[in-house]
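Colleague: Put the two chains together into one complex; each comes in its own frame, and the hints tell you how they fit.
If you read the protein sequences in the order shown, they are chains A and B. Residues 3 to 182 in my numbering are what the first sequence lists, from first letter to last. Residues 564 to 701 in my numbering are what the second sequence lists, from first letter to last.
No wet-lab data here; the hints were simulated from the structure. Glycine is no exception: its CB is placed at the ideal position from the N, C-alpha and C atoms. Fair warning: there could be bad hints in the mix.
[To be verified] Beyond 10 Å from chain A on every Cβ pair, some chain B residues (computed):
#1 640
#2 673
#3 678
#4 692
[What the hints assert, rightly or not] Chain A is faced by these chain B residues, among others (derived, beta-carbon under 8 Å):
#5 584
#6 585
#7 586
#8 589
#9 590
#10 595
#11 597
#12 598
#13 599
#14 600
#15 601
#16 602
#17 603
#18 618
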Amino acid sequence: MPVSSLADRLVALVAGGTPRVEFGRLTLDVPAAGWFAAATAARDDPATDLSCFDWLSAVDELDAGFDVVLSVYSATHRHRALLRTRVPRSAPRLDSLVPVFAGADWHERETYEMFGIEFTGHPGLVPLLLPPGFEGHPLRKDFVLAARVAKDWPGEKEPGGDRPRRRARPLGVPEDWEQP
Amino acid sequence: MTDLPPRSRGVIALLEENCTSCMLCARECPDWCIFIDSHKETVEPPGGGRPRQVNVLDRFAIDFALCMYCGICVEVCPFDALFWSPEYEYAAGDVDELTHERDRLREWLGSVPPPPELDPTGPVPAEVQRARSQRAPG
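Excised from the complex, chain B in its bound form (with noise of 0.2 Å):
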């Protein structure tokens, strides 16, 4: 795995806690390939406060057998749930074996590269700015 490029499409994977099922994804996608299913629950934050309405999803399934692999759905995905990861061999026997549910998703995770570095050169990012700002005022 380590010798292919960062930025090799192999497989999608899911990081399910930061999915709020929002479908952006699934409506997005060219080939409709992506299938959610989610719930509503209701959650009473701890120590008081108003009960909040939650998403929970139920489904999320990737049909590998469509996809043509733009990205789309990594590039629109608001919370960061979708990565690419370089994983490829996921060949399947048949096409029905190739749509892939959350769990198998997630097992994709492992093996998603870091992000990559800045560029040394570019703009010192906002967040950093303000912490140091913070860190010595004036």
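Okay, chain A solo, but in the shape it has when bound (with noise of 0.2 Å):
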């Protein structure tokens, strides 16, 4: 199926649904509360036929919330479609897709314990690679890196051994964290 008719199909399943093509690839934006019948009904329907469970993971937007992103396939029509939602960063919580993919599971307690979204109906929602005790949610992005706070920059000295005239900062690391 082209993308462009899986995009009008998908827009007819999904109440809500915005499409958007990008190289060729297809994402639906989808309502929040429309995430779960959006994934049953892009599975079930016979021409969409999204029924092999890809991936599953989340995008840290700051104010605007975290984008939660679905990779679907089909093996049949050979296409795939990028399902995604928002939820606000005040109150990350989204239905779990568990009970449509089992495939899931895995990926929702990975987001889970990564960004802090709060998956209802998981039937386990416990951290997947984090070790116990763990605090904070490394991908979100104020996470503050503990490698990069330990840990003197190499890159401060100047060379020949100089007291360096202004402080250098460290490519990518945020002002804000702080120094020891």
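Modeller: Written out as structure tokens, the structure reads:
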């Protein structure tokens, strides 16, 4: 199925869905309330048949909240689509897709521990990769990387061992991350 | 070693004589795994002239436990002091033993492959053109 007709079909199936095609890939933005229904409809409709779960993850969009992204594939039609929804930062909560795709179990656990997004209806929402007792959500953009704070930046020294004229900043480390 | 592709990223070798301890590699390294210490020395140029200050390298170490083999340091080095060597057998029993100092980094220079041949159909390099025109003017 060409990507435009897949988009049309998904828009007809999913209430409030907004399609967007970039580089030949379809992304369908759906409202968070219709997340479960959208994934179910995309899986069960014979024309879309997006029944192969690829992956699920999230993107930290700062004040706008978190985008939860689901990648699904059709083995019969050989097309794929991304379903995306946004949850607010103050209450990151979303319906679990484990009843739709059993394979979403570990992906939701990882998204839960990395972004702190709660998946309601998940059969066992416990951290997957992080050690027990780990505090914080490492893939949130406001998470301070301990490795970048505990250790001195080796590039701070000047050539020839001079005292630095102005404090050089390591690349990619935000200003407000406290240095020891 | 010979059956590995010439651009294999095994380990990073250091040609110390070319290093000016400019700190570019240490600053560009995304993993913060290059450590450089240096000091300044004043040298009198032979045959007179103004004394010059030069940077003298005290320490150059790469922590291969942190290195992700991106090769940015090799790319960024303005004086060709860092090279990729295809040598890969330097596993250690402890992560601390993966920080290799300049003497070890020099040993790997021996396995650095020669630079690839120029494309025979490509343009003649500027310095070759210049040399040719000097040899046969007009």
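Colleague: Going through the earlier hints one by one, which of them does the structure break, listed in rising order?
Modeller: Hints that this structure does not satisfy do not exist here, as all of them hold.
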